[in-house]
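> Take a look at the letters that make up each chain.
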Amino acid sequence: MDALTGLASGFAVALTPAHLLWAAVGVTLGTCVGVLPGIGPAMTVALLLPVTFTLAPTAAFIMFAGIYYGGMYGGSTTAILLNTPGESASVMSAVEGHLMAREGRGGAALATAAMGSFVAGTLGTMALTLSAPAVVELALRFGPPEYFALAILAFVAVSALLGASMIKGLVSLFFGLLLGVIGIDPLTGEARLTLGLPQLLDGVDVVIAAVGLFAVGEALHVGSTPGAATARIEPLRGSLWMTRDEWARSWRAWLRGTVVGFPLGALPAGGAEIPTLLSFALERRLAGRSSRFGRGAIEGVAGPEAANNAAATGTLVPLLALGLPTSATAAVLLAAFQQYGLQPGPLLFTREPQLVWGLIASLYIGNAMLLALNLPLVGLWVRLLRIPTAHLYAGILVLASTGAYSVSRSVFDVALLYIIGGAGYAMRRTGVPLAPAVIGLILGPMSEQQFRRALATSEGSLEIFLTRPIAAAFLATAALLVVGRAAAHVRRFCAR
Amino acid sequence: MRLRLACAFLVLAAPAVPAQPLLDRLVIIAPAAPGGGWDQTARAMQHALEAEGLVRTVEVHNVAGAAGTIGLAQFVSTQRGNGRTLLVSGLVMLGATLWNDSPLSLADATPIARLTGEYEVIAVPDRSPHRDMRSLLAALRARPRSVSWGGGSAGGTDHILAGLVAVSAGVDPRLVTYIAFSGGGEAVAALLGGNVAAGVSGYSEFASHIESGRLRALAISSPSRVAGIDVPTLRETGVDAELANWRAVVAPPGLTPADRDRLARLMERLARSRTWRRTLDERGWIDMFESGERFASFLEGERARIRRIVARLRGPAGTEPIRTGQRVFPLAILTGGAALVAIAFLRRSAPARRPAANLGAIGWMICGLVVFVLLLEPAGFVVAATLLYAASARGLGGRAAALAVGAIFASLVHLALTRGLGLALPGGAVWPWTR
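Chains as they are written, first to last, in the working numbering: chain P, 548 to 1043; chain X, 135 to 569.
Chain P with its partners taken away, still in its complex shape (with noise of 0.2 Å):
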């Protein structure tokens, strides 16, 4: 079937009243997920899979895709707000979406990370719509090598995240990795630096790492701090909804996002991480030396929230072309799938026509729904700042700490959690950067990993790097960064 009047038919099927109904439901319930810390949209839709006993497939499927995307919406609230994100892809939202919120222009922020979220997810189901077999192609070309390299080139990309101190930065990347090697190591299957911990050995949950050192860590900083409770977050400063420079900076940064976002999430072992670090990278190096970055620029929120987006879609690639699930919630998709004894892959187009271009249908209308929920309730979500500080950091703490439990019932989780919170504060308190300890723990493990993976394909052979053109082209980028990065330095030694 031609993918026009495919998408025709799924907004046939999707426009009915019992469907939009479903979608509406999926995305409030996505939005108010991804609102809270440690529940994700993953965790939401396993829980709801026993629907599918009782629900028509197509339903269900509009249902779990409206949780999906809206799970990605909510997700940057809290860290745009209280610096608390609630999921490793949202980290990126934090650190200039909250220096914005300090500086009052938090709606701003909410404003723009909603709209890039429609602009991302809404451009991302074209793709979806009319390249999904040629995305599918390009992706399945990534093998080990490449994704060594693309870790690689992201590594480079977001040292200039290290921020003001070089060795401070490196400390927390390096606590980063060393919690990335914890656990049983997945290519031989040995348990590496558990303490001889059992609930050790799955290794240290990104979610768990993120909200601890954020969360937890921003909490016991608030307490500790004399002066802090009272001199905090100014609720709002000027207008609520963006400004004509706000715009003006905002909407190439969306278009940007997505096409960082889309082919980098449709990849089986991406990830929606990566594409927000090299969008803020790439946002950061565009908007050179006299930008606002550092101080709360808006670039820094529209570009990762909208690559955040559109890779959440790109995830849609492969699972529908192929059946690969290749995240968290797409993996549960799947599952939803078996559930009625479909099997996604190939055929699933031909098979199912109405299931899956009625899904495609209701990514736009749910893409649709999000931006008519959450524009309203950035005013509402500004409020909640009124809250008295000691009720806010309450909250989140009981809400952190039941997130943390719920990922996979263990009350070790929650001591976890709770650790690494200790940690964030403590770097806090000596200045230490957050930020790299995340990327430190989602890089580290992809690039041992692919290295070692593409070392035993080519039998220890370095070569495989070079002769492959993806990864070569890839750790060349990173080297021309590398070299370019230095060059300043010397040359601005030599100036002095």
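These are computed hints drawn from the structure, not numbers from a lab. Treat the numbers as computed from the prediction; the structure is a model and nothing was measured. Even glycine gets a Cβ: it sits at the ideal position worked out from N, Cα and C. Check each hint, because a few of them may be wrong.
[What the hints assert, rightly or not] Reference listing, derived: stretches of chain P covered by chain X, where coverage requires no fewer than 3 residues with Cβ under 8 Å from a Cβ of chain X:
id, stretch
1, 592 to 601
2, 686 to 700
3, 725 to 737
4, 740 to 753
5, 887 to 898
Given the structure of chain P, go ahead and fit chain X onto it with the hints provided.
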């Protein structure tokens, strides 16, 4: 289509014979996160047992971690003698306990029944030079390391089958270049993209790609041909190996014979029920029902066989880049990190002028956190969360109302998550009616 589903729903909603339930309440532990294979088995059991009226209420609890061994340890140590609970288990758990030298094994639980299973398939990409198993094995014998195998986690079913094939082909299994991928999707992608020479996986994971012609199935690990799947068995291709990724249920140790027999009878009724048979059909699960002595002796034999192959796969040699890296990377990170901390410490400038920490506030908050960890399971979520809220609000300078606000907040969160999402939070003695 909608009509057909509506009919299916009606059939599901009205069980044929409302039999007298064998049990009032049953707790099934799925030792994995929601959505995974064991969780799906547990939820399908829950649905069938309730729909058929065999058990009045069935609860599924997820205890995820380390290929099920965390769930097994918790089950064996805390549920001794409890005849109203079952743990979903399987070959992967058996393999993991052997691979991790876990102090507990499946032998510590009471075997009840094997329910379902799936066979493994060995496949190559469509443009691979290997047309059949014979050609792949010839390449493996000639240069074992040059044939890279992609599959699931190290020590899992896929790895075990690759080892069994190597042994049967007369190749040292430690020379096999087995590349473990996390999650099924990644392994399939690596195989489709030609990044590994051959792939091992459960049949359903490869099925649609075999059907579409992008993967060529060389052999299936079943004892005889499987109806509807036109793939030779390993034995037909001259490999003396077979393997099923079976799923079973076990009960806690120390059961009375009466309790054990009742659970076994329950599983027999389940396996014969119409709802269960339809579920097997829809999901493509193979019926491998076996209970009582036969299942116990199967388990015994399987343990001995898997132990042998795991011992041969784990030896000290193995593929160099993978083995070496296992130690090099943590070592590099530890030394690098220690060096950086030392440099940062030596280069620290005069102590920055920052306000002294408010130790009283921190003390209150730490108290709250410790209380939450200690009380969560014994006293229940609402009590623990209320105290956490009150202590941290107190530390942050809140007034006395904190306890009341905390209780309301904790109850609302509890209600929203347990009722709204069906998340299981500890109820505790004070809040029993929320279960």
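> State for each hint whether it applies.
Quick rundown of the hints versus the structure:
1. 592 to 601: n = 8 at 8 Å, threshold three: holds.
2. 686 to 700: holds (count 6)
3. 725 to 737: holds (count 9)
4. 740 to 753: Since three or more residues must qualify, the claim that chain X covers the stretch 740 to 753 of chain P holds, with 5 doing so at under 8 Å.
5. 887 to 898: Coverage by chain X holds here, the residue count being 8 at a Cβ distance below 8 Å.
Going down the numbered hints, you'll see the structure goes against none, and every one checks out.
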